[in-house]
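Undergrad: Chains as they are written, first to last, in this note's numbering: chain A, 308 to 605; chain B, 905 to 1215; chain C, 581 to 1005.
A couple of the hints might just be wrong.
Stated by the list, open to error - Covered stretches of chain B (in silico footprint by chain A; criterion: 3 or more residues with CB under 8 Å from a CB of chain A, positions within the stretch not fixed): (1) 1051–1062; (2) 1092–1105.
Unchecked claim - BS3-like cross-link-like pairs, simulated, lysine-lysine; straight-line CA separation at most 25 Å: (3) B:Lys1163 x C:Lys741; (4) C:Lys824 x C:Lys648; (5) C:Lys933 x C:Lys830; (6) C:Lys824 x B:Lys1163; (7) C:Lys741 x C:Lys830; (8) C:Lys830 x B:Lys1163; (9) B:Lys984 x C:Lys992.
Stated by the list, open to error - So, partial list: chain B residues that the calculated Cβ filter (under 8 Å) puts toward chain C: (10) Arg966; (11) Leu968; (12) Asp1168.
Just so you know, the hints here were simulated from the structure itself, not pulled from any lab data.
Note that the Cβ used here is the ideal one computed from N, Cα and C, for glycine as well.
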Amino acid sequence: MAVDVRRGAPAPATTPAAAPAGAPAGPRRRRATWVYLVLAVGLVVMLAPFLWMVLGSFKPEAELQRVPPTWWPETPSLGNYRQLFDRLDFPRFFANSVLVAVAVTAGNLVFCSMVGYALAKLDFAGKRLLFGLVLAMLMVPGVVTFVPLFVLVSNLGLVNTYPGLILPFLVTPLGVFLMRQFISGLPDELIEAARIDGAGEWRIFSRVIVPLCGPALATLSILTFLSSWNNFLWPLVVAQSEDKYTLPVALALYSIGQNATRYGLLLAGSVVVILPVIALFVALQRYFVQGIATTGIK
Amino acid sequence: MAAVPAPAREGGGTRSGSAAVRRRHTLAAWMFALPFMVLFLVFMAGPVLASLTMSFTDLTSRDLRDPLAVNLVGLENYTKLLSDERFLRSAFNTAYFVVVGIPLTMGLALAVAVALNSGIDRFRTFFRVGFYTPVVTSIVAVAVVWRFLLQPDSGLLNTVLGWVGIDGPNWLQSTTWAMPSLIAMAAWRNLGTLMVIFLAGLQTIPRDLHEQAMVDGAGAWRRFRSITLPLLRPTLLFGAVLTGVGYLQFFEEPFVMTKGGPLDHTLSTAFFTYNQFGFGNYSYAAAASYLLFLAIVVLTLVQFRLLRSRT
Amino acid sequence: MTARRTIGAMLLVAALALAGCGRDEGGGDGAAEQSSAIAEGPATGEITVWAMGTEGELLPKLATEFQKENPDATVKVTAVPWDGAHDKIATAIAGRQTPDVSLIGTTWMGEFAGGGGLDPVPADLLNAGDFFEGPWNTVVVDGTPYGVPWYTETRVLYYRKDLAAKAGVQAPTTWDELKTFAKALQETGGATHGIYLQPADPGTWQTLAPFVWQAGGNMVNDPANPTEYTFDTEQWREALEFQKTFYDDKLSQATPLQPGEIESKFAKGDLGSFFSGPWHVGLVKDQGVTDDQLGLAVMPRDQTGTSFVGGGNLAVFKDAKNRDGAWKFVQWLSRPEVQQRWYDTSKDLPAAKAAWEGGTLASDPNLEVFSQQLQDAKAPPAVATWEQVASIVDGEAEKVFKGASSAADATKAIQSQAASIGLGN
């Protein structure tokens, strides 16, 4: 039902637009070339630090500390990666990070879309208060609730537990806001049609709304996963024993010293840490491309 | 959605029917919201109330083991902040950052999103991933490369400027240029996230609207202004709020690049607050955070007004 | 309507809760806290320890020896990153989720002890005289020791021996000689800058403080029992002006260097000298500096040749579950032979004086310089508000060095702000 109308040229059969689309081929191609060029330059600027990071992870410590920084490793070595996997109990920390990030992302996908749907499409008592609360929470600087939250979590007996790592982030105001904005842009006719057909609220939500939310859910997944994956301070404070440390905590532990930092290890660790995020991003790419069933309305 | 008639939500029908429908909706809505409400009340509302209360006391880190044995000082923390030179400086810096940074980042991200969406056909995934990488690159790597770029004598930027005869300043150590440098760095870094959000929003704009307009002879820029922008409003609002909330709390760039210098010219309010928490002045820092919160509320209201969906 | 009523109810509850608040102003008799002695005999039970960074990684090795001597005890070490360690300890104290023992940075003692989170050292556990004076003073808060120095570090002058030889100068022993030394390294030795003195960014005060102490000044009136800050003094102005001349005469650059730049420039010969602690020996050698090039010297003298001392202390928490075991472990770690073994494992310099009398610590010529400097090294006052005041010193000093303020105005500004912040006790 979600027709992908974006592939290349517009679908020839449907509209008389086929003719004009073909006509200004010359200026269009020239413009496209310019766009490619500008984007390519932009891309180089964007990717430079990432490239430096990857290249740097193969350099020995001494070369990394050198100023001005070098690009290609003069004496490339796998030493940093070997150190990373030997000194750190990598599988354990990786597993912890995955567990927490996946749980948080899953929770957000489900709960945020539920509340987002209610705020966007249902008219109910207390709606404005709820939306106001969500926005208010979004705007409170996170740092201020840190200590009270820890005291609360420790009073609940959740210190050094997985629930302690996961629960405070299981639903975020940002996620609710995102889903609400996206769903409010979906056409009401679809919902009306389903209601007329006698569908209950949950059915409408799960069968009509959710399938249309591909792009928003993909965006939410990436934003939530990334923020949970890179979260440093909370896991640091909640974990009392090393077996609950997540990757960012472990990486900081082994590379940042009291007076000096082991940059080689830090870079190698940073490369390994962002690989899952990039993989997730690439995997979710097609959801940004998914079109919406506008034809269903006509 | 411009094409949709507005009162679809009321459910239509007779008077009694709409009251019953509303009740049914209310029940359903609160059921949908239940998991959120539970988690919200426990993990968010509680700590917020506690920290807000804390800002009206003189609590420091030394009182943490016995938090109720503190004095209530009312608005004293707030008034102290408003006469604290460093805080006021940080407020100015933050405002500067936000006023310039938000339009810059949103503009660039929108341009990239539109270009990736309809300007080019191939290598889309490659470009998308590429533009998103700064968001996930470790701040250590980012700092090294940007510092190399901005080095006064041997840095890339000044070398290039030298080719056209401009003697570039010591970017990060200049009281005039440190902030613009950080704004550029932040825009560079956060472009990717906004691009992703705008791309998702662009997907909801039906292709045939554009095709129809092209048949009517509208050029690319006209179509962008009359079709894309209006339909993208909810997404733009979301992006603006997200960026606004983030930028008002900007911290990492000055922390890593300039440590708030030179002479406090890149000290942000979040950095100031972080320092205060570090010193153990918890109630003072909480008050600063809530002043920041007020600023965020004001900015968000302004954004809602400007970018509200006109349906 | 319901919304308003709910908010009203919440406010009422909050108000009632707040009504119970109030600081007990009359409390605290001012006398030093007494700590009961610990039980005799070997340690028993589980002892939980937090240690940061490399220390956290390496301590378990040493702990197995403790466990051999105390077979009924197990030591569980959790390694904690330095980055965020201060926050972690502070929140642990708040949530009453502390371990038994922790490594604590020397400048954190005042804050954690001041809040009652730390257990005072039991009487007769250790002798203050066993440790260097500088490190010992970092554990004394309001006249009571709240921890035990574990390892220490102090700052000395690193200089390019070969460039100095080329310029025909010896390591400086007085303030005037420091200036001519830097000048010579630059003009004849070939360095771009003869010396680096940190001009801005957090930690600027650590370069300035030794000059203040050398001039005979201090941050507080009586370090053992401080009652007020003393920044508005002749010595502070002297130190600020002395350091400023280095920037004015272009002997040191006036913008801060990044980590990595110091050793890099030093190795290339662009930087003639700088002040730092023992960790820099390894860092400069990594950049290729040879033993012929590396020279170390103690601080130059004005009235004295005092340097800055830092390091790590061990403290037992008030909420510790195994207090006796914890203190026994700390006591064991302070034994000279254990401190020596710790040096061999971690290269951390021991805080116990007797540990320096044997092994590499006694024979290595580079370490000789540090050992000498440790005889005359001071630490900032162990008061709860020091970090905040230090940040003010950083800011005002930067203004002086950049010419945006005079030394007299700066010291007055620091003093008035420090006085309004207070000592935090």
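Undergrad: Next pair to validate is Lys824 (chain C) with Lys648 (chain C); report whether the Cα-Cα distance is within 25 Å.
TA: violated, 56 Å
Undergrad: Lys741 (chain C) and Lys830 (chain C) were given as a pair; does the straight-line alpha-carbon distance stay at or below 25 Å?
TA: holds, 21 Å
Undergrad: Under a C-beta cut-off of less than 8 Å, do 3 or more residues of the segment 1092–1105 of chain B approach chain A closely enough to confirm the stated coverage?
TA: holds (count 9)
Undergrad: Checking one constraint from the list: CA of Lys824 (chain C) to CA of Lys1163 (chain B), max 25 Å. Satisfied?
TA: The given pair, whose Cα atoms are some 21 Å apart, holds under the 25 Å limit.
Undergrad: Can the hint on Arg966 (chain B) be confirmed by a CB-to-CB distance to chain C that is less than 8 Å?
TA: holds, 3 Å
Undergrad: Would the hint on Asp1168 (chain B) be counted as holding, given a Cβ-Cβ threshold of 8 Å to chain C?
TA: With a minimum Cβ separation of about 7 Å from chain C (threshold 8 Å), the hint on Asp1168 (chain B) holds.
Undergrad: Is Lys984 (chain B) within 25 Å of Lys992 (chain C), Cα to Cα?
TA: holds, 20 Å
Undergrad: Taking only the CA atoms, is the gap from Lys830 (chain C) to Lys1163 (chain B) under or equal to 25 Å?
TA: Cα-Cα ~24 Å, so holds.
Undergrad: Would you check chain A against the segment 1051–1062 of chain B, counting CB to CB pairs closer than 8 Å, and say if three or more residues qualify?
TA: holds (count 3)
Undergrad: Given the hint that Lys933 (chain C) pairs with Lys830 (chain C), test it: the Cα-Cα distance must not exceed 25 Å.
TA: violated, 40 Å
Undergrad: Mind checking the CB of Leu968 (chain B) against every CB in chain C and telling me if the closest is under 8 Å?
TA: holds, 4 Å
Undergrad: Is the Cα-Cα distance between Lys1163 (chain B) and Lys741 (chain C) 25 Å or less?
TA: Measuring from Cα to Cα gives roughly 33 Å; hence the hint is violated.
Taken one by one, the earlier hints fail for this structure at numbers 3, 4 and 5, listed in ascending order.
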